[in-house]
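My request is simple: use the sequences and hints to build the entire structure.
Protein chains in written order, with my numbering: chain A, 1 to 108; chain B, 1 to 159.
Any given hint might turn out to be false.
Unchecked claim - Pairs of lysine to any residue, SDA-like flavour, derived with a Cα cap of 20 Å:
| id | chain 1 | residue 1 | chain 2 | residue 2 |
| --- | --- | --- | --- | --- |
| 1 | A | 90 | B | 50 |
| 2 | B | 116 | B | 99 |
| 3 | A | 100 | B | 110 |
As the list claims (entries may be wrong) - If you want the footprint, here are the derived chain A segments under chain B, 3+ residues with CB under 8 Å:
| id | segment |
| --- | --- |
| 4 | 31-42 |
| 5 | 54-63 |
| 6 | 66-78 |
| 7 | 91-98 |
Hints listed in this document are in silico derivations from the structure and should not be mistaken for laboratory results.
We treat Cβ as the ideally placed atom computed from N, Cα and C, and that holds for glycine.
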Amino acid sequence: MFGSSRITVTLDGGTLTISPRGEIDHHSARSLRDRIDNEMYLNRPAILILDLSGVDFMDSSGLGLLLGRYQRASEIGCDLKLAGCSARTKKILELSGADKLFDFLAKA
Amino acid sequence: MKNSKQTASAGEGRRVVNEMRLRLPALSQNEGVARGTVGAFLAQLDPTVEELADLKCVVSEAVTNCVVHAYGGRGGAIYITVRARADREVEISVRDHGCGIANVRQAMQPMFTTDKSGERSGMGFAVMQAFSDRVRVLSAVGKGTKVTVIKRLSPAGEL
Ligand SMILES: Nc1ncnc2c1ncn2[C@@H]1O[C@H](COP(=O)(O)OP(=O)(O)OP(=O)(O)O)[C@@H](O)[C@H]1O
Ligand SMILES: [Mg+2]
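What follows is the structure, encoded as structure tokens:
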């Protein structure tokens with residue numbers, strides 16, 4: 001589902017920005033996870049911004065994906081930030097208290 | 001007879017005005033199919049954007065649990081029933097013949113997961129509860145699980 005056309009990746013200095021578009025569920029999470037991890041390990045950015053402004057659906061599988069990336073990023077000393085979170089995405093993050101882990105940016 | 005009239009109208013509210021039954025194999029691509037189909041069925045009730053998104057998320061959670069946990073990726077059937085009542089109560093049940101849940105109360109605790117991959121947060125039931133009025137779980141180990149979610153939609157035409 002998250003084929004390369006559904007994800008935009010930009011590297012600007014030490015900041016890697018990844019913008020997935022579409023729906024994040026269990027089905028799409030695997031390819032998205034692999035893509036994010038590959039880009040992160042390849043580029044070793046100081047900051048990773050996940051731009052979620054193009055995401056129109058997310059459930060707890062998406063939450064698991066974000067928490068998993070938070071874990072991976074901290075392991076390599078990369079600062080993970082979330083951009084363009086919808087109110088719904090925020091609500092799901094807040095349910096688990098995960099909102100406290102992330103820095104939120106209005107725009108990527 | 002004010003009382004009997006109230007009882008009668010309450011009874012009328014429970015009337016099922018429409019119903020959908022769906023049977024899908026437990027494939028991950030059917031998570032999107034299930035929430036999209038249920039969403040299309042619910043559209044006739046004129047739910048708010050928020051209510052529709054809530055219920056699509058609920059369906060996604062329950063169906064994903066069937067794919068991931070009940071059948072452990074091995075496949076099997078998922079049965080989804082959606083009922084709409086005259087009083088705008090929506091009842092969605094998602095049933096499987098999978099492994100079942102030994103301790104339902106524990107399974108429903110936020111952050112509880114039996115997943116070992118580190119990619120699940122144990123928030124599926126918590127999301128279902130947050131996005132509906134009531135969640136009921138019936139399960140028997142080795143037989144399967146039925147998750148029923150109830151949500152009353154706001155009166156039609158209101159925002
Ligand atoms: N249909 C089911 N069949 C068997 N076990 C289930 C089923 N649904 C849920 N469970 C059990 O209940 C636990 C909690 O489910 P819940 O959806 O809350 O979290 P999760 O699926 O583990 O993680 P998340 O939904 O956040 O990705 C699961 O880890 C699993 O052990
Ligand atoms: Mg789940």
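Are there hints from earlier that the structure breaks, and if so, what are their numbers? The structure breaks only hint 4.
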